[in-house]
Amino acid sequence: MPVLSFQNVSKSFGPNRVLNGLSFSVAPGELLVLLGPNGAGKSTTMSMVTGLEHPSSGQVELLGAAPDSMAARRQFAFVPQDSHMPAHATGHQVLNFMRAHYPNGHSVDDVVARFDLERLLAFQVGHLSGGQRRLIALAGAFISKAPFMILDEPTVGLDMEVRHGLYQELRRYTSEGGTVLMTTHYLAEAEELASRVIVLHQGKAVFSGTPGEIKNRYGFKRVSFRADQKPPDTLVGSITQQNDQWRVDSSRSDEVLKALMAWGEAREIEVVPLPLEEIFLSESGKGGAWI
Amino acid sequence: MDLTILWAHLKIRFVQLFKEPGYVVSTLIFPALFFLIFALPNADTPDKARFLLGSFSVFAVLGVCFFQFGVHHAQELRTGWHRFLHTLPVPRCHLFLTQWFAALVCALLSAAVVYVTIEFSTDLEIEFTRWLQMVGVLILGAAPFALFSAALARWVSPTAALPTFNLIYILSSFAGGLWLPPNALPAKVETFSHYLPTRHLGEILWKVSLAQEIEWRYAIYLAVFALATLIILAAPGPSLKR
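Residue numbers (the working numbering), protein chains in the order written: chain Y, 1 to 291; chain F, 1001 to 1242.
Bear in mind the hints are in silico, worked out from the structure with no lab data behind them. No residue lacks a Cβ here, since even glycine has one placed at the ideal position from N, Cα and C. There's no promise every hint is true.
Which residues of chain F face chain Y? A partial, calculated answer using Cβ under 10 Å [to be verified]:
#1 Ala1008
#2 Glu1020
#3 Phe1084
#4 Leu1088
#5 Val1090
Derived, one-sided and incomplete: chain F residues facing chain Y with beta-carbon distance under 7 Å [to be verified]:
#6 Ile1012
#7 Val1015
#8 Gln1016
#9 Thr1079
#10 Gly1080
#11 Pro1089
With beta-carbon atoms standing in for the labels, derived distance ranges [to be verified]:
#12 F/Phe1120 with Y/His127: 35 to 43 Å
#13 Y/Thr210 with F/Gly1080: 28 to 36 Å
#14 Y/Arg172 with F/Leu1033: 51 to 59 Å
#15 Y/Ala71 with F/Leu1140: 34 to 42 Å
#16 F/Arg1217 with Y/Asn8: 55 to 63 Å
#17 Y/His127 with F/Leu1108: 30 to 38 Å
Please put together the full structure from these sequences, using the hints given.
Spelled out as structure tokens, the structure:
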């Protein structure tokens, strides 16, 4: 049974249709990343998964139950995008509060050690930075020992070192059988963590696959080579040059290679898959229809 | 009912409330201060002191209703924290119970501060059991105001909440005869005050504090007020998400 299943889910707010027949499922042990530009429907999807919003049509099930049921809420921990916590409560009070909901959860001391939070505990959360509050919220989710973690842009505001610490925790969590659904704007993060990526666009899933598949499917590869003169105009793709180093980012890399061979002036030719982030950047410029 | 979770929610709510200077000053200090500034000169006999104890106890407890169920609720409804609480494995009734229990404790505290202030500054003579009876009636009588505040909180923006509820609180307290006895109000205000729930609750509390028989029509008016706000509460409110 999937941990989460979305079946033909649509959601409208007044005349504004935010989700449009979205269907996907999350299998146990998966780390599924939802990607998409702003307004793609990622946050609305998260609100549905956590039972905060109900579909206008279609069905959402979390471990076979309605997401807002007690049975479902016992099975997941959620880190919302805005980590609003009572400003006057200390980090320690917030963690103790979270711990009270999960009788079989980790101890507060355990997550404090894992997330290196000792120095933040005595401060009121209103006096902490956004990243520090996010860290407390993440620790609060991990304290649950819930089998399903729902993280809405969990690394916003975290510095690089803390972010990589979180990656380690997530890998450990999934290796122990935990399932994760997360959204992110950082495509490198999806590449680094995801076992599967779903790309949302205008409330629909336009792609579902591994980060490797997403690159293969769209065939974006980088052909780099050295040449002392300008290559022929027949090369199809986005061409950049630095001294004698040339790069062609193209979805038709085979044709680029053939043209380079025919030209005969290129040396040290190399073909590598284009990082996901760069696909996003190059395609998002095309009127939002970036996939 | 899970007492561990209930206690955890209560603790975090008390932290939210009692570390908020605006809340503490408005609900615990202002009523006693207003009594000392505006009403102390009039409390020159034990009976007048008892009457004013009734007035300012109502004023104090209504402050808790307006601020906790109104201002605080309006601000809380729009925060991620409030939405987040609904994703935790906690029965909805716990959230409701916590809010009401916290309000009850705050109402008792604010009424106690008024009592202690009047006790030490006037010749108040009232048995402790009579005061307890007053507090009991007050808690019941304040429930419609809590419902009204919760209903209005759904429609008021977080920034508008404080001035809106302050205005309602101050005007309805004054016009309801809680600062000045109704017979000392300007004639037009006194006529108008008969239509105000604050006057109705005041009428009940004045009778209880003076050990006189309650006029039940005031209780009926309050019940109608409660019913009307319940209907508004049950109606679909504005979307809080966007």
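Hints and how they fare:
no.	hint	result
1	Ala1008	3 Å, holds
2	Glu1020	7 Å, holds
3	Phe1084	5 Å, holds
4	Leu1088	5 Å, holds
5	Val1090	6 Å, holds
6	Ile1012	5 Å, holds
7	Val1015	5 Å, holds
8	Gln1016	4 Å, holds
9	Thr1079	5 Å, holds
10	Gly1080	4 Å, holds
11	Pro1089	4 Å, holds
12	F/Phe1120 with Y/His127: 35 to 43 Å	38 Å, holds
13	Y/Thr210 with F/Gly1080: 28 to 36 Å	32 Å, holds
14	Y/Arg172 with F/Leu1033: 51 to 59 Å	56 Å, holds
15	Y/Ala71 with F/Leu1140: 34 to 42 Å	37 Å, holds
16	F/Arg1217 with Y/Asn8: 55 to 63 Å	57 Å, holds
17	Y/His127 with F/Leu1108: 30 to 38 Å	31 Å, holds
Violated hints: none; the structure is consistent with every hint.
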